[in-house]
Amino acid sequence: MINTEKTLSLLKKTLALSAADQTEVLFWANDSHLTRFANNCIHQNVSEKNRSLSIRVVLGKKIGSASTNLLDPESIENTVAKALQIARNQKDNPHFKSLPPAGGKYASVDTFDAETASFTPDQRAQIARKVIEIAKRNHLIASGALSTGTIQVAVANSLGIQVCQSFTRGALKIVFQTSDGASGYAESFSARMREIESEQMAHQAAEKCAKGAHPADLPPGQYTVVLEPYAVGDMVGFLAYLGFGALAMQEGRSFMCGRLGQRITGENITIWDDGTSACGMPLPFDFEGVPKQPVTLIENGTARGVVYDSYTAGREEGKSSTGHALPAPNTFGPVPLNLFMKSGDSNLQEMIESTERGIYVTRFHYTNPLEPIKAVITGMTRDGTFLIEDGQIKNGVRNLRFTQSILEAFSRVSMISRDTKLVPGLEEELGGTVVPALKIEKFNFTGATAAV
Amino acid sequence: MRDLTDIALNLAKLKGASYADIRIVRGKQESLEVKNGSPEQIKYSESLGFGVRVIVDGAWGFASSSRLEKDEIERVTQLAVRIARASATAKIADVVLSTLEPVQASYKTPFLKDPFEVPLAQKLDLLLGAEALLRREREVKVARGSMIAWREEKTFASTEGSFIQQQILHCGAGIMATAVRDGDVQVRSYPNSFRGNFASSGYEFIESLGLAENAERVASEAVQLLGADHCPSKITTVIIDGSQLALQVHESCGHPIELDRVFGTEASYAGTSFLTTDKLGKFRYGSPIVNIVADATTEGGLGTFGFDDEGVPAQRVQIVKDGIFCGYLTSRETAARLGIRSGGAMRADGWNRIPLIRMTNVSLEPGDWKLEDMIADTDEGIYLETNKSWSIDEKRLNFQFGTEVAWEIKRGKLGRMLKNPTYTSITPRFWGSCDAIANRDYWKMWGTPNCGKGEPVQIMHTGHGASPARFRNIQVGVTK
Chain A
26 MINTEKTLSL LKKTLALSAA DQTEVLFWAN DSHLTRFANN CIHQNVSEKN
76 RSLSIRVVLG KKIGSASTNL LDPESIENTV AKALQIARNQ KDNPHFKSLP
126 PAGGKYASVD TFDAETASFT PDQRAQIARK VIEIAKRNHL IASGALSTGT
176 IQVAVANSLG IQVCQSFTRG ALKIVFQTSD GASGYAESFS ARMREIESEQ
226 MAHQAAEKCA KGAHPADLPP GQYTVVLEPY AVGDMVGFLA YLGFGALAMQ
276 EGRSFMCGRL GQRITGENIT IWDDGTSACG MPLPFDFEGV PKQPVTLIEN
326 GTARGVVYDS YTAGREEGKS STGHALPAPN TFGPVPLNLF MKSGDSNLQE
376 MIESTERGIY VTRFHYTNPL EPIKAVITGM TRDGTFLIED GQIKNGVRNL
426 RFTQSILEAF SRVSMISRDT KLVPGLEEEL GGTVVPALKI EKFNFTGATA
476 AV
Chain B
160 MRDLTDIALN LAKLKGASYA DIRIVRGKQE SLEVKNGSPE QIKYSESLGF
210 GVRVIVDGAW GFASSSRLEK DEIERVTQLA VRIARASATA KIADVVLSTL
260 EPVQASYKTP FLKDPFEVPL AQKLDLLLGA EALLRREREV KVARGSMIAW
310 REEKTFASTE GSFIQQQILH CGAGIMATAV RDGDVQVRSY PNSFRGNFAS
360 SGYEFIESLG LAENAERVAS EAVQLLGADH CPSKITTVII DGSQLALQVH
410 ESCGHPIELD RVFGTEASYA GTSFLTTDKL GKFRYGSPIV NIVADATTEG
460 GLGTFGFDDE GVPAQRVQIV KDGIFCGYLT SRETAARLGI RSGGAMRADG
510 WNRIPLIRMT NVSLEPGDWK LEDMIADTDE GIYLETNKSW SIDEKRLNFQ
560 FGTEVAWEIK RGKLGRMLKN PTYTSITPRF WGSCDAIANR DYWKMWGTPN
610 CGKGEPVQIM HTGHGASPAR FRNIQVGVTK
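Quick note, the sequences are listed as chains A and B, same order. According to the numbering used here, the first sequence is numbered sequentially starting from 26. According to the numbering used here, the second sequence is numbered sequentially starting from 160.
It is possible that part of the hints are untrue.
Claimed, not checked - Quick list of simulated restraints, FRET-style, between CB atoms:
1) A:Lys116 / B:Asn632: 47 to 55 Å
2) A:Glu292 / B:His389: 29 to 37 Å
3) A:His120 / B:Asp343: 45 to 53 Å
4) A:Ser100 / B:Gly386: 48 to 56 Å
5) B:Lys267 / A:Gly246: 51 to 59 Å
6) B:Gly342 / A:Asn293: 20 to 28 Å
7) A:Pro98 / B:Gln281: 25 to 33 Å
8) B:Ala535 / A:Gly286: 22 to 30 Å
To be verified - To give an idea of the interface, some chain B residues facing chain A are shown, with a C-beta separation under 10 Å as derived from the structure:
9) Ser197
10) Gly208
11) Ile242
12) Ser246
13) Val254
14) Val277
15) Pro278
16) Leu287
17) Arg512
18) Asp552
Treat the hints as calculated values from the structure; they're not laboratory data. Backbone N, C-alpha and C define an ideal beta-carbon position, used for all residues, glycine too.
Model the full assembly from the supplied sequences, consistent with the hints where possible.
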């Protein structure tokens, strides 16, 4: 990875090229490697090295942006000129106040691991072979992906912001399948590859396959569900996507609109964002270089607030950015990338044992919003769906379709696990969501897949 | 350019590669978004880079970089070889490629006006003019207009002797009205949701869309939806418009015919497929009037090109003939397993990604009905238009779609408007219930610029031709 001084020097030189009233430069560098396996062999194995610059210029209240991965002086100069040309063609944006000022306090977070950064193709292949070996021993078919990589993000603006941080990330995803349609899943990621317990994960996926052998049909309807953190993370992620950002509030499309201070879920639900917490995948600043602040979104079931970038904060009296900007320009607005859901005092085993009849869900697939304003989503279950009867996992069931308001589901949470798990968040390469397992009453399944 | 491609190919051979190719790709994109009278986002980006793909010891390796210089091409090629050797430690069989005659060729998307040369002010005027008409309706709180253009110049060279240069141009535009009342939010879009319709064409395609001409209708329908009844929950006849049916083809036919999914190599991410090879040539996918083709030569489609990213010429492949499943989207590697030649469906999302089997233009062929006659011939049902949501299981069987709007059909006539419509079914049951397809006058090519697949994820542009069609006994109005 490029050293910080060299990166910041590039940013300073780029800022100096701009004649705009205000200028911001965002640098993104990635060295990414991914080994993919399927049918018990490695079938795709790739590597990428890329560096790019995004330049945002401000002329009065006109804004222009351009980006490039050609980093020779002439190309950078052309990109600055392109951003200026775009700004000149813009109309005034009356809501724009300013790029963010310098002076914020940044959390010191540990995001880089040299061992992970230097992981080799042979090391990745070695882990893949171990996972495949466990699948073979259990007469299963292994597929999955193992990725390692380094990302460097740096932001500088003409108001004095100047930040740079390097991140490593190792991730392993495993899907095991049986010949009769059952499958099992395990996923884990960390800034430190040595924390990925690949063999234990493979055994978890294999155990799911064993429990799910000969999956049976189950009619759709309302069921008690026990959701693993993968499925809970999907739901929390959709809440963030649909309504935890200030722009969604300002445009009237968030389920939080007009409901701040009101109960929107059960009292046992608290969700917040914290980019500074070492329990997740910390990000000390956002893509405008603003320090991340913890923001409470739902507290004991009550809607408390949303996250801001500098633009949306400028549109409301007395607000300032909470450090949740995406790379500019974007029409999506600010989003939380480091979500947490408060844990409870139970565990998966107690949830199963206390269920007379219900469905155990490992994860969801192809989930999409149906009615955003009510946070209604639909999707399928996948890779480990089981019938619970009389407090025990009875058998695997064919995947089911659910159509469910997340807010209504979170109003019927009867048990929450003590343990939490880090699962992928809204951004594939940075951040993550930390959630517990949940037991939810009257979860709405509206269809089932079929054998053909 | 040959001097650069030769560096990689010669070095790969020297290091033991039995096959190697290199793609050098220069891309640029311009995206314009206007909202409520102002340009909200004008974004311009460009990128350049190369990727080297090798087979060493019978296994694949790939490496890529954004720095197109001799020493970096050498580093990346050696890394690709090292990666392939690591892959070979966990292989079951050697990679075998179906045969291909090497070609020296070039291809360029035909167009009249380069969207990157049209003045920015002119493009903004077009969008702002249409968007302003949306706001004539008081309850339209967010009015949007979008326009995107992509250009890709790519060079492909392989150790088999192919050298191909292509220039691909895609563009499109759309408008969207969001109406809000008493906590209800309803959206109408034109010509399609998710930023409009797209084609491999020049700016003349955007000018032909008629954004301004349709703006007032779109805004009015968004407001009408606020007061509309909810779509009832029942089993009924549905007539689906061409744009929604294009996405239906994409999800329930296009993905399950990708032969890599069928062979399980996408199992950990996108999933597998119910269309297993034992079904080829005998499985009834749809009713006898259902015919589907994958055609990379269709004029204007987002899946139209001269050669795929393995250097295989663009082709037309029959997928469903008279309702019977009969073909796949293939690569050189997967085709070899079936003992056939590649159908030319390997496409990569830029220089930093390997080619994967992707849809070209997967289209439902037109039938012989007039839409008006189809509605008149329907005693009871609903007519659905413009996609709002989609979801389908990992084998591509159980799906559920939502559309922006529907209208009740009663005794052969369109009646009251219905909001939040949804329909759900199982793929072969659904296509088996198709009893009428509108004729070529109603057939149109739709562009899907956001198809995700692969790890790391790749976003591909695909094309889908469709005309409205009728389906019997379909569950609508899924309860929640």
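The hints, checked one at a time:
At about 52 Å, the beta-carbon gap between lysine 116 (chain A) and asparagine 632 (chain B) stays in the expected band of 47 to 55 Å. At roughly 30 Å, the beta carbons of glutamate 292 (chain A) and histidine 389 (chain B) sit within the given window of 29 to 37 Å. Against the hinted window of 45 to 53 Å, the Cβ-Cβ separation of histidine 120 (chain A) and aspartate 343 (chain B) comes to about 25 Å, which falls outside the hint. A hinted range of 48 to 56 Å holds for the C-beta pair serine 100 (chain A) and glycine 386 (chain B), which are about 54 Å apart.
Distance hint check: the CB atoms of lysine 267 (chain B) and glycine 246 (chain A) are about 56 Å apart, consistent with the given range 51 to 59 Å. Between glycine 342 (chain B) and asparagine 293 (chain A) the beta carbon distance is about 25 Å. The supplied range of 20 to 28 Å therefore holds. With their beta carbons about 32 Å apart, proline 98 (chain A) and glutamine 281 (chain B) fall inside the hinted range of 25 to 33 Å. A hinted range of 22 to 30 Å for the beta carbons of alanine 535 (chain B) and glycine 286 (chain A) is inconsistent with their spacing of about 54 Å.
Residue-level restraint check for serine 197 (chain B) holds (minimum Cβ-Cβ distance to chain A is 5 Å; threshold 10 Å). Hint on glycine 208 (chain B) holds. Least Cβ distance to chain A is approximately 7 Å, under the 10 Å limit. Satisfaction of the interface hint for isoleucine 242 (chain B) is found here, the shortest Cβ-Cβ separation to chain A being roughly 5 Å, below the 10 Å cut-off. Using the Cβ-Cβ criterion of 10 Å, the hint placing serine 246 (chain B) at the interface with chain A is satisfied: the shortest such distance is roughly 4 Å.
Against a cut-off of 10 Å between C-beta atoms, the interface hint on valine 254 (chain B) holds, since the closest Cβ of chain A lies about 9 Å away. The interface hint given for valine 277 (chain B) is broken, as the beta carbon of that residue sits about 12 Å from the closest beta carbon of chain A, more than 10 Å. Checking proline 278 (chain B) against chain A by beta carbon gives a least distance of about 8 Å; that is within 10 Å, so the hint holds. Annotation: leucine 287 (chain B) was flagged as interfacial toward chain A, and the flag holds, the nearest CB pair being 8 Å apart, inside 10 Å.
For arginine 512 (chain B), the suggested interface contact is upheld, since its CB lies about 8 Å from the closest CB of chain A, less than 10 Å. The interface hint given for aspartate 552 (chain B) is met, as the beta carbon of that residue sits about 4 Å from the closest beta carbon of chain A, less than 10 Å.
Checked against the numbered hints above, the structure breaks hints 3, 8 and 14 and satisfies the rest.
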